Amino acid sequence: MILGLRPPVAFAALLAGVAAVVIAIFNWKGAPVTSETFLVTTYIGLFLGALWAMYATGLVVVYTTTGVFNFAQGAIGVFSAFLYWELHVNRGWHSILALFVVVAMFAPALGVLLDVVIMRRLRTASLVVQLMVTVAIMVLLLSVVGDIWEADTPRRVPYLFGIENGIDLGPSQLPWHRLIVFLVAIAIAVAMRFLLRRTRIGTAMRAVVDNRELAALNGARPNVVSSTSWALGSMLGALGGILIAPELGLDPATLNNVVIIAFAAAAFGALRNLPMAVVGAMLIGLLRAHTGAWLDFGPDYRFAHLAVAPLILLFVVIALPQARLEVGRLAHHLRRHERYTKWWEGLIGCGVVILLAVAFSGGWLDFGVWDPGAWGSRELNSANEAMAFALIGLSLVPLIGWAGQINFAPLAFAGFGAFVYLKLAGDTGNGYWIIVVGLLCAPLGALVALPAARLRGLYLALMTMAFAQAMSLIFFPHSWVMPTIGVGRQFPHIELFGVTFDDRRGFFLVMVSVFAIFVYGLVLLRRSRYGRRWMAINDSQAAAATLGVPVVWTKVVVYAVSASMAGIAGVFWATVSGNVDSVQGFDLLIGFNIVLLVAAAGVSIPMAGIFLIFIPLFTGLGHRLEDAGNVGYLVTLLDIMTTYGPGLMVLGMVFNPRGAIFEMGRGFAPILPWRSDARAEIAAENAQKREPEIGELGIERPFTPEEVIAIDRRLGILDDVVPKEGYGTSRS
Amino acid sequence: MKHLRWIIGLLAILALVAAACGGNDDDDTGAPAPDAAPTEAPVDDMADDMGDDSMDDSMDDDMDDDMGADDMADDMGDDSMDDSMADDMGDDSMDDSMDDDMDDADAEPVATEEPEVDPCANVDLEATDIGITSDTITVLVMADVGSPLAPGLFQGSIDGVKAWADHVNAEGGLACRQIEVLEHDSAINPTETTNGFLVACEEAFALVGTTALFALDTTDLQTCSDAHGNDIGVPDFAYITTEPPHQCSVVTFATSRPNSACPYAGSGPRTVQSQVGHVQWLQENINPDLNGVYLIPNDLPSTISSSMPQVRSFQEIGVVIDGEPGISGFTTQSEYGAFIQIMRDSNSNFAYSGSDDQSMIKWRSEAEAQGFDAESAIWMCQLACYTPSFLEAGDVIEGTYTWIWFLPFHETEHNQELADFMEAIDNPFPPAWAAGSWADGVLFEQVVNDIVAESGPNAVTRQAVLDSARGLTSFDVNGWWGPADYSTTQNIMPCFMLMQVQNNEFVRVYPESPGELDCNADNVVELTLDWLEEFGG
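As they're listed, the protein sequences go chains A and B.
If you read the first sequence in our numbering, its first letter stands for residue 31, the second for the next number, and so on.
If you read the second sequence in our numbering, its first letter stands for residue 33, the second for the next number, and so on.
Any given hint could turn out to be false.
As the list claims (entries may be wrong) - With a Cα cut of at most 25 angstroms, we get these calculated SDA-like pairs of lysine to any residue:
(1) A/372 x A/559
(2) A/59 x B/234
(3) A/59 x B/354
(4) A/453 x A/469
(5) A/59 x B/360
(6) A/59 x B/348
(7) A/453 x B/297
(8) A/59 x B/362
(9) A/372 x A/711
(10) A/59 x B/335
(11) A/453 x B/360
(12) A/59 x B/297
(13) A/59 x B/565
(14) A/372 x A/706
Rather than coming from a laboratory, the hints here were simulated on the basis of the structure.
This structure is a prediction, so every number in the text was calculated from the model and none was measured.
Please model the complete structure; the sequences and the hints are all you need to start from.
Okay, structure coming up:
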């Protein structure tokens, strides 16, 4: 151990320190370093750290006490900040009253509501579903904020304690507000640690997440405890949002992005250690303030100081030892009972997709207002973009769906593919380079897989998220990577087999064909040895390793395949766009949306990618209906579906974790003549008696006869002769 | 067997691909898709394609070379142009005479010209092009409105164009027809922006009031076919052109002038004109030795490229720049403390924000929080601060200077166009982009009226509008704005007026007389540099 760190971590920390010094030397602004400037910069950093610590504390509390990492923590803060503005600024309530209503009444109510309606049902869900649902809540909350408050209007939230007066620091001053916020953040962290470690409810909170049933047997009330946890986390999110809002202004996207900094801080504390999370937040605050004050990064790395948090998150997640994750959840994993698609079934399916695409774009079918052939360039352009996103989404199927490797960075891989293509093909549009792009993206995937090899679950999700954020802040904005152009297209139309695909219908069909090829390739891959290995490491890495599966190599291969597919998809995406916006084009939220939609469709089903084209189809239909007139309510309905649809679909995973395409397939399969297995499965399900909810194991009330039967059945001691109505009931 | 499956599958897919891609389905829509390749073609080729000599002679040369005022006067050659204005343009420079013109405008508000003879009388109106029928002219207003995270962003643009159309229709219409307005939401999204161009191409006569931030690919805009199958593009009367492809589009005429030379490759040196009159006024009237900090909005390369010329132009007229830090929307207020420290260390007396009103509010609030003596510096920002939400910040922004290039909204008594706008828009303090989109409408109106006056209402085609707009060397929104030269993208509007926030109101500071703008040619500095490289970070 070196300074309390394991040697590899100490070495990595040393390397990071040296890199930071080198970066500082080469980017030194040259501003005079005075004690006053240093002091002011330091207190600014600590203040920022205190704000982020508040978010981080909420994350850690919720994670420690519920086992759910809440991606919606920032969105709860955004919603609360807007509500506070509405009450205090717009309606003139006193700030303390408004603060009380939002933080002490609304936020806990929201937390309890989330717990009762959604989170309790996720108890046995896989980590993918849990994460996706919290991301969906984030997207929905932000959409609601946008709809209620017309978020474009600039708004200011006043400082709670005023900012004009403070402690005199010579020529400068430390406003009371900032000092109070700093102290409050520290006090909250201390109080939360005390609550979790020294109180009965805190102990119960931690016990429930480790073993809910055992905790209940010892007198804890799991539902009350989890609701309390969500209420607490929500309150901290609300307080953080209200205190950060005066610093950033009331902009939903900006405020929500702060949560990524909180993720880094929470990861610094291994997601469970509150003091370390606070230290992490302070460290990020200090780094950000001091890099801003002393360093110049030039136009190409202009977002470098904003990348401090994702880089720290990346480093921490890779370097620090993992905390125990997914405790007690393995036993609840859903039984894998998908069947392997036969090769000829895949072929027919792909053929049908292509025929439908031809019908859509070629006008072979006439459905009146639905008539796709009558749709013009606008709809085709949207369909092309959606098809490109569908291709990117498809790359997630082997990675997330089969191998269980969560990836929030599909756009980073896709963007890398576009970049490689730009450098190889230049302005020729030579489509043959796409194959090389696929080959060159594979090593990037493998590179990401190496740190991922030792990560699982949430840490992997955080790592890929930090990777995506770092790429979007540092790599893509570089003028050499995505140079801006003044005339024409950055990405010329693709030329293949001597044909330039400069017409949107033709290009749409090309992409559909590539999609079909990918889908068919995946169908075959899934039946192959590699496909079975991927699913094996998803089910249990330990078991797979015991059976001789090379876990690391298997992960590297699946990452390489996924990156390769995403890279190729990226070329199509960039070509559809013509000119890629190097800043907003790679926004993390877009990547989130792709992952969300694929997950909602059923991330283990290759055809799930096609789900991504439904949104533009709805939009296109809305345009047509609008043009037709007198259907305002339908247009509004479609508008709502477009805005809230993705989030709501993902929330549907609470009840249907396998996704919509999977369920559609299950409904469709029994009518196929050769699917006797599907018919048998449905019949078995119908015959199975639904077990009643056991509730809280009789702690709150006596067992009912039905529950006794259910428990006996679960324990395997129920004799079939026992009446279904339960013991002690008469048969009349 | 296993390999056979793969091969069969692959061959079948490839066969389907080949079959599917065999035909060209363009004819299905009725509107030919732009299959030519002028996208990659230089502007020369585009001009050739248009088969327009005037385009070749004036547009190309003007794009490359600075156009003298004499040339402008010659090129004008348009009877419909106001004589006095033509005389003024004949001057060696646009100097104080512009002020006189503006004064004239005060004395006698300029209204839309009424032709002496009714051009609609005894004319059998025809559908002369896409989007124009015997009864209507359809224009499309595209604006970033519906982003889920920023809904309603440029709704003001749509409101501005609709208000303008209602006003024109109430006055009898345009080219003997009523104006119909289509709306398209570009949603802060490049694909939706391209979709807007496509809709305009197929359904509208022209785009009016375009306020889309991500017009990254203007190929469809510039190569769209007209009713005769000529790939001439759709006239685009835009308010905002942030990206070089939009700034340099040969069919785009932006009322907030790009002030930058075209064509432009997207990187490397570019000639840009900047307005410095407002700072010169500060030097002459408040402090001749200005030194201070200029905040550069660095979220996008285009925002850096549009701010850096102003910084260097300020230096050109003697302002010492103590720091030019970049800021983004993610910069917290407390991080503005670093800029306050630069001002302290350098004894700065000047603070200029190239960003928006919220940025200036954060800066001034942080100055207050840090105990910085606000009186010791002159605080200034541009049009982006001319908003009601800026005033809502209260005392903290007291004394901030703001400059704009048109008469402020409260001076309705001094300009009829402004009065019409304020009456039609029905908002005591409308957003600037509503004014810009209205100005776009007036520009379109003037161009069409010129065509009607010269050749009658059936001569109004996209080609005619493009030709007319490209020859427009001076347009001033009927005296509401400073005059601008639309024959080149490079020339800036030389006019400005300065306001200061006093007692929570925007108060005119210079020129002192209401209804006046300062249009002195000395207000403009022209520099050629690689602007992105100039930015330190």
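Results of checking the hints against the structure:
{"no.": "1", "hint": "A/372 x A/559", "result": "holds, 15 angstroms"}
{"no.": "2", "hint": "A/59 x B/234", "result": "violated, 52 angstroms"}
{"no.": "3", "hint": "A/59 x B/354", "result": "holds, 12 angstroms"}
{"no.": "4", "hint": "A/453 x A/469", "result": "holds, 14 angstroms"}
{"no.": "5", "hint": "A/59 x B/360", "result": "holds, 18 angstroms"}
{"no.": "6", "hint": "A/59 x B/348", "result": "holds, 23 angstroms"}
{"no.": "7", "hint": "A/453 x B/297", "result": "holds, 17 angstroms"}
{"no.": "8", "hint": "A/59 x B/362", "result": "holds, 21 angstroms"}
{"no.": "9", "hint": "A/372 x A/711", "result": "holds, 18 angstroms"}
{"no.": "10", "hint": "A/59 x B/335", "result": "holds, 22 angstroms"}
{"no.": "11", "hint": "A/453 x B/360", "result": "violated, 29 angstroms"}
{"no.": "12", "hint": "A/59 x B/297", "result": "violated, 30 angstroms"}
{"no.": "13", "hint": "A/59 x B/565", "result": "holds, 16 angstroms"}
{"no.": "14", "hint": "A/372 x A/706", "result": "holds, 14 angstroms"}
Hint check: violations occur at hints 2, 11 and 12; the rest are consistent with the structure.
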